[in-house]
Amino acid sequence: GENVEQHPSTLSVQEGDSAVIKCTYSDSASNYFPWYKQELGKRPQLIIDIRSNVGEKKDQRIAVTLNKTAKHFSLHITETQPEDSAVYFCAASKGPGTYKYIFGTGTRLKVLA
Amino acid sequence: GAVVSQHPSWVICKSGTSVKIECRSLDFQATTMFWYRQFPKQSLMLMATSNEGSKATYEQGVEKDKFLINHASLTLSTLTVTSAHPEDSSFYICSADAGTGGPSTEAFFGQGTRLTVV
Numbered sequence: 006g007e008n009v010e011q012h013p014s015t016l017s018v019q020e021g022d023s024a025v026i027k028c029t030y031s032d033s034a035s036n037y038f039p040w041y042k043q044e045l046g047k048r049p050q051l052i053i054d055i056r057s058n059v060g061e062k063k064d065q066r067i068a069v070t071l072n073k074t075a076k077h078f079s080l081h082i083t084e085t086q087p088e089d090s091a092v093y094f095c096a097a098s099k100g101p102g103t104y105k106y107i108f109g110t111g112t113r114l115k116v117l118a
Numbered sequence: 191g192a193v194v195s196q197h198p199s200w201v202i203c204k205s206g207t208s209v210k211i212e213c214r215s216l217d218f219q220a221t222t223m224f225w226y227r228q229f230p231k232q233s234l235m236l237m238a239t240s241n242e243g244s245k246a247t248y249e250q251g252v253e254k255d256k257f258l259i260n261h262a263s264l265t266l267s268t269l270t271v272t273s274a275h276p277e278d279s280s281f282y283i284c285s286a287d288a289g290t291g292g293p294s295t296e297a298f299f300g301q302g303t304r305l306t307v308v
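For the record, the sequence lines run as chains A and B.
Here the numbering used here is used: the first residue of the first sequence is 6, the next is one more, and so on.
Here the numbering used here is used: the first residue of the second sequence is 191, the next is one more, and so on.
Chain B on its own, in the form it takes in the complex:
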C-alpha cells in the first residue's frame, strides 16, 4: 500500500521553542493531508486539513497561529508547533489520501510523532 512517512518519530523540546513535524507521501501525490492529535489512551482528534497550495482549514478550537501548517508540495505537509508548552505534549499523526488521479481508496497514516515539551 501507499506509504506516508512522518519525521521525527519523537522529539523532546524545551518550553517556548518551536518544533516542526514533516509528513511525506513517499510513493504518491497528496493534494490533501490531515493532521490529528492523540492524547494518551484517547482518540484521534482532527486538528486541521492541509491543502496543497492554499491555506489550511482548522477545526474549531485549534489555534492556527500556534499550529502552523504548510503544504508546499504534493508530497509534503509540515506542522509547526510554535512556542511549545508542556500541554502541547502529545502524539501528532498525519494522514494522506492516496487516490491520486482517481477515486480515493483510503487514508494512509504516518507513523506519528511523539512530542514531549519539558
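Same shape as in the complex, but just chain A:
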C-alpha cells in the first residue's frame, strides 16, 4: 500500500547549523508533497510544500527538493534556531487539500543553543 518513510527519527544540531530530513514515498501517482511542523499537543502547521512539476522550492531558511524519479524529497533548514525545535512530518498526496495525505513517521528536531 501507500507508504512514506522518513529519516532520521531524531536529529540534534547546533544553533546555526543546517538540518536535513529525508522522505521516500511509494505511490508514483503522488504529486504533492507538504512538510508540516508540529509542536507538542498542537496542530500541524504547513511550512513548505512542493508539487511534482518542480524540483526545488525555497522560502527563506527553508527549502525542499524533490527527485520524482527516485521518489525522494527532502527538507533543508539552514541557520537553525532554537525555535525550529519541533517534530517535522513529511507527507505525500495526489493533490493538496482534497486528497488524503500519507504522513511520514516524523523527525524530532532539537536545535541546541
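Honestly, the hints are just simulated from the structure, not real lab data.
Treat each hint with caution, since some may be false.
[To be verified] With a straight-line cut-off of 25 Å between C-alpha atoms, the simulated DMTMM-like cross-links for lysine to aspartate or glutamate are:
id, chain 1, residue 1, chain 2, residue 2
1, A, Lys42, A, Glu20
2, B, Lys231, A, Glu44
3, A, Lys47, B, Glu296
4, B, Lys231, B, Glu249
5, B, Lys245, A, Asp54
6, A, Lys47, A, Asp64
7, B, Lys254, B, Glu242
8, B, Lys231, A, Asp54
9, A, Lys42, B, Glu253
10, A, Lys76, B, Glu249
11, A, Lys62, A, Glu10
12, A, Lys42, A, Glu61
13, B, Lys204, B, Asp255
14, B, Lys231, A, Glu61
15, A, Lys27, A, Glu7
16, A, Lys47, B, Asp278
17, A, Lys47, B, Glu277
18, A, Lys47, B, Asp255
19, A, Lys47, A, Glu88
20, A, Lys99, B, Glu296
21, A, Lys115, A, Asp22
22, A, Lys76, A, Glu88
23, A, Lys99, A, Glu84
24, A, Lys42, B, Glu296
Add chain B to chain A, keeping to what the hints say.
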C-alpha cells in the same frame, strides 16, 4: 488562512461510553474532511475520509462501526468513538480542504482532540 476548529480540545470519558468530536470549517465550505489519529510520539495515521452527504471512506483496519463519521453539512464533520476503551485514548485531528470553488490550496488542520478513556 482558513480556520478549522475542533471541539472539544480534550475529553475524559469512562470505558463503554461514546464520545463525539466535532470538526468545523469556520470560514469556508469543505466537501471533504479527513480524520487522523496520532499516538504519542508517532505519526498521523489517516482513519477515514469524510464526504459531505455520503458515507465516509475508511482506511484498512479502521472499524467503521466503532468510529462513526457524519458529514451532514459543508462546514461540519463529526467523529463518534463508540463504546470507548482505554486503547482508544489518542489525539484525534481533522483536516479540511480550503479550495472551495477552485483548485485546492492546502489542507488545514483542526487543533486536535485529546481523548482519554479511563
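For this structure, which hints from the list above don't hold up? 5, 9, 14, 18, 22 and 23
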